[in-house]
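Chemist: Spelled out from the first residue to the last, the chains are:
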Amino acid sequence: MLTIIECLAVISGAVFGVLLARRKQMDFVGVFAVACMTAFGGGTLRDVLLDRHPLFWIQHPHYPLIVFVVAIVVSLIPRVPAWIEKWLPIPDAFGLALFSVVGTDYALKAGVAPFVAILFGVITGTFGGVIGEIVCNEVPSLFRPATPLYATCAFTGGLVQVTCLWWQLPFDIVLWVSAGIVVLMRFAALRYQICLRAIGT
Amino acid sequence: MLTIIECLAVISGAVFGVLLARRKQMDFVGVFAVACMTAFGGGTLRDVLLDRHPLFWIQHPHYPLIVFVVAIVVSLIPRVPAWIEKWLPIPDAFGLALFSVVGTDYALKAGVAPFVAILFGVITGTFGGVIGEIVCNEVPSLFRPATPLYATCAFTGGLVQVTCLWWQLPFDIVLWVSAGIVVLMRFAALRYQICLRAIGT
Amino acid sequence: MLTIIECLAVISGAVFGVLLARRKQMDFVGVFAVACMTAFGGGTLRDVLLDRHPLFWIQHPHYPLIVFVVAIVVSLIPRVPAWIEKWLPIPDAFGLALFSVVGTDYALKAGVAPFVAILFGVITGTFGGVIGEIVCNEVPSLFRPATPLYATCAFTGGLVQVTCLWWQLPFDIVLWVSAGIVVLMRFAALRYQICLRAIGT
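Chains as they are written, first to last, in this note's numbering: chain A, 1 to 201; chain B, 1 to 201; chain C, 1 to 201.
Hints should not be assumed to be uniformly reliable.
Using 30 Å as the maximum straight-line C-alpha spacing, the simulated DSSO-like pairs for lysine-lysine come out as follows [stated by the list, open to error]:
#1 B/109 - B/24
#2 B/24 - A/24
#3 A/24 - C/86
#4 A/24 - C/24
#5 C/86 - B/86
#6 C/24 - C/86
#7 A/109 - A/24
#8 C/24 - B/24
#9 B/86 - A/86
Using C-beta positions, here's what the derived DEER-type ranges look like [what the hints assert, rightly or not]:
#10 A/141 - B/69: 49 to 55 Å
#11 B/137 - A/69: 28 to 34 Å
#12 B/3 - A/76: 57 to 63 Å
#13 A/8 - B/85: 44 to 50 Å
#14 B/4 - C/87: 52 to 58 Å
#15 B/163 - A/25: 49 to 55 Å
#16 B/193 - C/191: 33 to 39 Å
These aren't lab readings, by the way, just hints derived from the structure by calculation. The C-beta atom is built at its ideal place from N, Cα and C for all residues, glycine as well.
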């Protein structure tokens with residue numbers, strides 16, 4: 001079950017990167033590189049900051065291969081069908097939930113303080129896209145007010161997770177509940193276009 | 001004393017990041033993320049390159065909390081008062097001095113060669129702002145000729161520090177003198193608008 | 001022999017960075033910083049991702065010094081002579097070959113799976129330029145279709161290297177053949193302007 005979600009999350013991260021790189025008129029090298037960054041960037045940053053080695057995509061080398069195949073397939077399509085862009089947010093929301101809950105959990109197990117562990121969850125869940133957009137020379141959409149809640153969902157999920165573990169609620173249930181909150185909050189934000197407002201305007 | 005300067009340096013780094021993110025019309029996620037990068041970026045890069053773990057903001061988890069509070073407070077102010085932008089360079093200069101002297105010292109203690117240790121001081125003192133501006137999609141002002149001497153001050157301080165330690169002058173005095181040189185040089189550069197000229201024009 | 005090529009590769013990486021920074025009207029701080037990034041960026045990223053410490057430019061501190069001297073010399077020249085830009089691709093191609101073959105070799109020895117080891121070769125050979133261009137606020141030319149094959153040469157060389165080592169061909173010969181393929185392919189791409197096409201147009 002977890003493996004399937006993780007796989008789906010890597011694939012949806014990669015597809016997101018391919019779409020980004022296509023919009024920038026990149027060639028296949030750019031498409032594959034950006035797809036790797038959006039798929040692995042958040043987890044890599046987490047692992048480097050926490051000094052966890054080998055990195056998860058070095059330990060599971062089929063993930064880069066999957067991204068390679070995704071990049072080839074989506075590159076061969078002359079025009080990306082509209083349903084991909086339309087449905088992409090759904091596996092992406094599950095990926096956000098999984099990566100942020102796992103990221104917070106890894107950080108807690110590495111002895112990181114609760115507040116900082118929540119930030120690690122957010123970094124794991126969201127920084128792939130941030131790195132991809134920086135490389136594509138854009139201000140990350142994660143930081144802009146026109147984007148529906150994304151990091152905020154991961155933060156809220158992490159807050160619930162840390163609080164419930166503090167109350168010593170059963171570990172498995174806490175993880176599922178926190179991940180569920182992230183997914184539901186993200187779907188609500190997408191459905192009702194809930195955004196944070198720009199600061200200072 | 002050192003703790004107070006360090007705290008002030010983290011706060012002034014965070015305020016610098018918040019102002020940067022506000023100018024880019026970011027939402028709170030962007031404001032907090034950029035504030036973390038400007039406050040912790042230089043030290044994090046130093047720690048990752050030197051393989052020092054846990055990172056200083058993981059070991060002192062009250063720093064991310066301070067940045068969080070700074071980001072909230074400065075976000076709630078509808079218009080940033082002019083005196084903040086006017087006086088910000090003062091704690092910032094102390095932060096530059098502290099971070100660069102400490103960065104060089106850590107690198108020397110890790111067995112790094114003197115010239116490279118000076119570079120580590122410069123990286124620690126200056127790269128927070130560089131990372132923040134890259135994320136905000138700007139060419140780092142540190143690298144542009146219109147900005148008064150900044151990295152050059154850190155470099156000069158590091159050069160004095162390494163040379164004096166080579167002469168086996170007393171450790172504490174060397175640190176204070178080097179830091180003082182950084183602060184004075186930075187103040188002079190700000191007061192008299194001393195800049196490096198553009199290369200190749 | 002290897003040391004000479006490595007030295008040439010670092011110098012040509014640094015010159016590439018200086019030219020990039022000059023075009024952006026940077027001051028000496030920017031010129032030196034970008035030169036360090038283009039010269040050391042790829043190897044540093046490889047070492048951080050593989051957890052190899054100390055980093056190669058910390059272990060060989062004369063490399064940063066060489067880059068410093070190159071940055072000063074090329075900064076003092078008011079106008080860069082045309083022959084430098086014209087002949088730069090030649091040492092650069094040898095650098096690409098050396099860095100990518102060595103990068104793949106390090107990754108294999110660290111127990112990385114073959115496909116991922118090839119990617120490490122490509123990262124080592126090419127990401128210095130990518131990081132430099134990101135800092136200069138450009139979409140990396142490596143990812144754009146107007147640039148003759150570069151990452152593709154490193155990838156092909158790595159593929160040959162991994163395959164031949166799999167067949168247990170003699171180690172030294174494999175390295176030289178793979179590096180030769182990278183150089184020849186890069187020269188052919190430059191000579192005949194062989195590029196990948198943009199995806200999705």
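Chemist: So, for every hint listed, does it hold in this structure?
Modeler: For each hint, the structure was consulted:
{"no.": "1", "hint": "B/109 - B/24", "in the structure": "violated (39 Å)"}
{"no.": "2", "hint": "B/24 - A/24", "in the structure": "holds (22 Å)"}
{"no.": "3", "hint": "A/24 - C/86", "in the structure": "holds (28 Å)"}
{"no.": "4", "hint": "A/24 - C/24", "in the structure": "holds (22 Å)"}
{"no.": "5", "hint": "C/86 - B/86", "in the structure": "violated (47 Å)"}
{"no.": "6", "hint": "C/24 - C/86", "in the structure": "holds (20 Å)"}
{"no.": "7", "hint": "A/109 - A/24", "in the structure": "violated (40 Å)"}
{"no.": "8", "hint": "C/24 - B/24", "in the structure": "holds (22 Å)"}
{"no.": "9", "hint": "B/86 - A/86", "in the structure": "violated (47 Å)"}
{"no.": "10", "hint": "A/141 - B/69: 49 to 55 Å", "in the structure": "violated (26 Å)"}
{"no.": "11", "hint": "B/137 - A/69: 28 to 34 Å", "in the structure": "holds (32 Å)"}
{"no.": "12", "hint": "B/3 - A/76: 57 to 63 Å", "in the structure": "holds (58 Å)"}
{"no.": "13", "hint": "A/8 - B/85: 44 to 50 Å", "in the structure": "holds (47 Å)"}
{"no.": "14", "hint": "B/4 - C/87: 52 to 58 Å", "in the structure": "holds (55 Å)"}
{"no.": "15", "hint": "B/163 - A/25: 49 to 55 Å", "in the structure": "holds (51 Å)"}
{"no.": "16", "hint": "B/193 - C/191: 33 to 39 Å", "in the structure": "violated (49 Å)"}
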